[in-house]
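Enquirer: Take a look at the letters that make up each chain.
Number of protein chains: 2
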Amino acid sequence: MSDARAIGVFDSGMGGLTVLRALRAQLPHEDLIYLGDTARLPYGTKSADTVTAYALQATKQLLRHDVKMVVIACNTASAVAIGPLATQHAPLPVIGVVEPGARAGVAATRSNRIGVLATESTVKGGAYARAISSLAPEAHVRQQACALFVALAEEGWGTDAIAEDAAARYLKPLFSDPATAPDTLVLGCTHFPVLAPAIAKVLGNDVTLVDSAATTAQAVADALQAHDLMTDHGTAGSERFLATDAPERFARVGGLFFGTDIDENSVELIDLQL
Amino acid sequence: MSDARAIGVFDSGMGGLTVLRALRAQLPHEDLIYLGDTARLPYGTKSADTVTAYALQATKQLLRHDVKMVVIACNTASAVAIGPLATQHAPLPVIGVVEPGARAGVAATRSNRIGVLATESTVKGGAYARAISSLAPEAHVRQQACALFVALAEEGWGTDAIAEDAAARYLKPLFSDPATAPDTLVLGCTHFPVLAPAIAKVLGNDVTLVDSAATTAQAVADALQAHDLMTDHGTAGSERFLATDAPERFARVGGLFFGTDIDENSVELIDLQL
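Protein chains in written order, with our numbering: chain P, 1 to 274; chain L, 1 to 274.
Excised from the complex, chain P in its bound form:
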């Protein structure tokens, strides 16, 4: 059995393109449709109810494109909306980034002390802490909201001195006491991998940084296999981009996250409220 339909991926904006990049590397033959809700980004400072409503609209739009699976490439939306989405659209497989990120964090830690860096909403919702605890009840989890990281990544300032200063400030409370300092940090926002070098410079090599993009791509591959949904055409898969606002900015900023230039003319403007 096989299924040539595309995989739908959505995010509040462009950060989820780090996940799309990992999917492309992991699944070279699959067609991918990416939806960025740029008219309403960011989700990370908004309430669970509002983010869930937005995520349901995005999924509905992807289903109009006849996708075989939905990937929530946004930590905030994964944290609050995966339950409602999976229930409402069963048996459509819905994969978020939180569970794979938590799993990778648990696999990486040696001290059972795991830190999670995320947006304000993700931290407030506590989804990572719950996901890690259910996999490893003995783990100690500490969370830190890093709101400025999103703006730094989008400004293209993710790798320089200002990013290091911000990282040092955010990380200080987690690492001030060596007895409780984590040995593993989960980057719980798709924007944050851009800041990984700055974080690593602050922390040195003793702390493992876990980026959920690669582990999410693996989870998607496993789910395709489990549901007999792999494509069997042997040609290179395509990418299609939808955005709810400002295709030019989507293409320009998106290139920072996707790692490959995005042609502005390939980004289709859509309205989720129709």
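Hints should not be assumed to be uniformly reliable.
Rough simulated footprint, nothing fancy, chain P against chain L, three-plus residues with beta-carbon under 8 Å [said to hold, decoys possible]:
| hint | segment |
| --- | --- |
| 1 | 14–25 |
| 2 | 43–56 |
| 3 | 165–174 |
| 4 | 201–215 |
| 5 | 245–255 |
Quick caveat, the hints were computed from the structure, so don't treat them as lab data.
Ideal Cβ placement from N, Cα and C applies to all residues, glycine included.
Got chain P sorted already, so can you dock chain L onto it with the hints?
Expert: Leaving out everything else, chain L in the frame of chain P:
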């Protein structure tokens, strides 16, 4: 003649509370209704069409509360939407922050070289440059987008070393050549007054910083007078807060901009899409 109805004020979020604060100081007896579109903030990275649609919805909501005047306390929305708003709702007086800010910049400059710091969308739209040129055709205007300032102000990091580093980086291109350096900087985003001390530290005392909040409040007072819309009740005016998402965050972050604590329970959650 007099009019006891409230003045309606709207912004993408909480930054416009710097304008509300100036209105409260200027017009102690007027009732004020403030609407923050926190479900869709920020506007500064979004397209003119989308921001105009959002601004029309916000105005419609304020008119349901029978306001006598609308103040657009958001530079991005003022820059792109004041025309459509004024036309659609004539003869309702609609006051934005761009024209008063431009007027204050022109009044302050001695060298006719004016810099404008604003969001990406405001810079791209060029509304300040047009407004300044129409008041002072001989003025040289240079604009600089400062995206990170919004995040710094909302994080409560607007006055420290990271803010100074960001300000130094953004301001360098404007001030690298003394022969063309501006002597006046218009703070063209309602978030930016929070960063005024950091900007002043980078620039020293030779550059005048213009905050459009106070000049906007004066423009509102003038318009009330001109239209015979001043209230004549002598009691202290009230403030009422509406937000499209996350009243708790509105109250917490909003206090930074309003300069006075806001009680979470006084913030009413509304839906602009109904």
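Enquirer: Against this structure, judge whether each hint is valid.
Expert: Verification of the hints:
1. 14–25: violated (count 0)
2. 43–56: Contact hint for the segment 43–56 of chain L vs chain P: holds, 4 residues under 8 Å.
3. 165–174: As far as the segment 165–174 of chain L goes, the hint holds, because 3 residues have Cβ atoms under 8 Å from chain P.
4. 201–215: Three-residue rule not met by the segment 201–215 of chain L, so violated; n is 0.
5. 245–255: As far as the segment 245–255 of chain L goes, the hint holds, because 3 residues have Cβ atoms under 8 Å from chain P.
Violated hints for the displayed structure, listed by number in ascending order: 1, 4.
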